[in-house]
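Okay, here's what each chain looks like letter by letter:
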Amino acid sequence: MNFNLQWTWFHRLGSPRWFYQKTQRWLPWLAVATFALLVAGLVWGLAIAPPDAKQGNSFRIIYLHVPASVVALAGYYIMAISGAVGLIWRIKLSFMLMRSAAPIGAALTFVALVTGAIWGKPTWGAYWVWDARITSMLILLFLYFGVIALRHTYSNNEAAEKAGAVLSLVGMVNVPIIYKSVDWWQTLHQPATIKFTGAPSMHPDMFAPLVVMIIGFYSFYSLALILYTRAEILRREYRASWVKQLVSNQPVEK
Amino acid sequence: MYFDSLQQLIWMNGHGVYVWSSFAISAVVMIGLVVIPLKQKQAAIKNIELQIKLQASQKPATQKEVADAPHS
Numbered sequence: 000m001n002f003n004l005q006w007t008w009f010h011r012l013g014s015p016r017w018f019y020q021k022t023q024r025w026l027p028w029l030a031v032a033t034f035a036l037l038v039a040g041l042v043w044g045l046a047i048a049p050p051d052a053k054q055g056n057s058f059r060i061i062y063l064h065v066p067a068s069v070v071a072l073a074g075y076y077i078m079a080i081s082g083a084v085g086l087i088w089r090i091k092l093s094f095m096l097m098r099s100a101a102p103i104g105a106a107l108t109f110v111a112l113v114t115g116a117i118w119g120k121p122t123w124g125a126y127w128v129w130d131a132r133i134t135s136m137l138i139l140l141f142l143y144f145g146v147i148a149l150r151h152t153y154s155n156n157e158a159a160e161k162a163g164a165v166l167s168l169v170g171m172v173n174v175p176i177i178y179k180s181v182d183w184w185q186t187l188h189q190p191a192t193i194k195f196t197g198a199p200s201m202h203p204d205m206f207a208p209l210v211v212m213i214i215g216f217y218s219f220y221s222l223a224l225i226l227y228t229r230a231e232i233l234r235r236e237y238r239a240s241w242v243k244q245l246v247s248n249q250p251v252e253k
Numbered sequence: 000m001y002f003d004s005l006q007q008l009i010w011m012n013g014h015g016v017y018v019w020s021s022f023a024i025s026a027v028v029m030i031g032l033v034v035i036p037l038k039q040k041q042a043a044i045k046n047i048e049l050q051i052k053l054q055a056s057q058k059p060a061t062q063k064e065v066a067d068a069p070h071s
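Read top to bottom, the protein sequences are chains A and B.
Just so you know, the first sequence maps onto residues 0 to 253 in numbering that gives the first Met the number 0.
Just so you know, the second sequence maps onto residues 0 to 71 in numbering that gives the first Met the number 0.
If we strip away everything but chain B, and leave its shape as in the complex, we get (with noise of 0.2 Å):
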C-alpha cells in the first residue's frame, strides 16, 4: 500500500474528500444501475402472474362443468 495508515488513505493529503466523493457517487449510480433492471424484472413477472390469474377465472366453463352445475 502506498498510504502508511488508514488515516492517511481516507485523507489523502486534502484531496481524500474529493477521491471519496467521486467514488461514492460512481457506487450509488452502478448500484441503481443493477437494482432498477432487477425491480422491473420483477414488476413485469408480477403483471404476467396477475395477467394468467385474470384468464383463468375467465375462461368459459368446461362441458363437466355445465353438466355438473345445478339445473335452475
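Pulled out of the complex, with its shape left as it was, chain A reads as follows (with noise of 0.2 Å):
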C-alpha cells in the first residue's frame, strides 16, 4: 500500500494527458522567457560585448556556436534517458520524449557544425577540417538522424521505439568522446571554454553573454521538446476519450 502511494508521481508523470494539460499552463512563460534571454544574450555579445584580442569581432559566433552544442549534447543524454525510462518501465510517454527530442537534438547539432564552420573560415582559414572534434560531433548529426529514421523504418509502432531506445543508448558513448576530443588528440578546435574545474578562459564581459545564452538555449530546448511532445501526443493518442473532447472543445472531466 505505501509502494502504491510512493509510485503514483511516477506513474502520473508518465501519462501523456497529465503532460498535455500541465504543460499548456507552462507554455506561455516558457515563451516568453526563452524569448527575452536570446535577445537579451544576443544584443549583449553581439553588439555590448568587446572583440576578441586575437580574434577579432568573428569570435561573437561563439555566442551562437557554444549554446547550441552544449544543448545539442546535453540533448542527447536526454533523448537516451527517456529511451532507458522507455524500455525499462514501458512508459509511454517517455518514448514520445525520445521521438520529440531526436528532430531537435539533429537541429541544434547542425546549427553547431554550420555555425562552427562559418568561424572556420576567417579564424583557421577553412570551413572545414576533419578534425576530432568536429568529425565525433558529426557522427552525433548521423546519430540523431537514425533515431529520426528508425521510426519510419518498422511497422510496428512498438518495436520502432525499442530500435530507436537501443541505439540512441548505444550512441551515448559518442558524448563523452566529443566532450573530451579536444583534450585526447591534437585539434585545431581551441579547448573548451567553460570547465567543469577551474575558471573559464574568458574575460567575465565576454563570458556573461554566453551564460545567458546558454540558459536561453536550454530554456528554447524545453520550449520545443514539450511543443514536439504535445504534438506527437495528439498523434498517437487519438482514440483516447480526453483528446477526443479536447478537439470538440468540450469540457475534459478531471
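No lab work stands behind these hints: they were computed from the structure.
Values in this document were obtained by computation on a predicted structure and should not be read as measured data.
Each residue gets a CB set at the ideal place from its N, CA and C atoms; glycine is no exception.
Chain A stretches covered by chain B per the calculated footprint, using a threshold of three residues with CB under 8 Å from any CB of chain B:
id	region
1	39-46
2	56-64
3	99-109
4	219-228
5	237-246
Join the two chains into one complex using the hints; note that each chain is given alone, in its own frame.
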C-alpha cells in the first residue's frame, strides 16, 4: 500500500494526458522567458561585449556556436535517458519524449556544425577540417538522423520505439568522446571555454553574455521539446476520450 | 555598445558577414523548431475532428429515429 502511494507521482508523470494539461499552463511563461533570454544574450554578445584580442569580431559566433553545441549534447542524454526509461518501465510518454528530442537535437547539432564552419573560415582559413571534435560532432548528427529514421523503418510502432531507444543508448558512448576530444587529440579546435573545474578561459565581460545565451538555449530546448511532444501525444492518443473532448471543445473531465 | 555606429555593427571590421550569416542560419532553424510542431499539432487536431465527424455519421440510428422514419 505504502509502495503504491510512493509511486503514484511516477505513473502520473508518465501519463500523456497529465503532461499535455500541465504544459498548457507552462508554455506561455516558457516562451516569454526564452525570447527574453535569447534577445538579451544576443544584444549583449553581438553588440555590447568587447571583441577578442586575437580573433576580432568573428569570435562573437561563440554566442551561437557554444550554446547550440552544449544543448545538442545535453539533448542527446535527454533522448537516451528517455529511451531507457521507456524500455525499463514501458512508459509511453518517455518514448514520445525520445522521439521528440531527436529532430530538435539534430537541428541544434546542425547549427553547431554550420556556425563552427563559418567561424572556421576567418579563424583557421578553412570551413571544414577533419578534426577529432568536428568529426565526432558529425557522428552525433548521424546518430540523431538514425533515431529519426528508425521511426519509419518498422511497421510495428513498439518495435520502432525499442530500436530507437537502443540506438540512442549505444550512441551515448560518443558524447563523452566529443567532450574530451579537444584534450585527447591534437586538434585545431580550441579547448573548452567553460570547464567543470576551474575558472572559464574568458574575460567576465565576454563570459556573462555566454551564460545568458546558454540558459536561453536550454529554455528554448525545453520549449521545443514540449511543443513536439504535445503534437506527438495528439497524433498517438487520437482514440483517447480526453483527446476527443479536447478537440471538440468540450470541457475535459478531471 | 561597443560599436560606434549601426554600420560598424553590421560590418564588424570585415567579420560581419560571418557573424550575421551564423545568426541568420540559427534563427531560421530555431524558428522552424517552433513552427513545425505547431503545424503538426494543427494537422493532428484536424485529423481527430474528421474522425469524430465520420464516427457521428456512422452511428446507428436511435430507436426514436427508427420509429419516426416513414414506413416503406
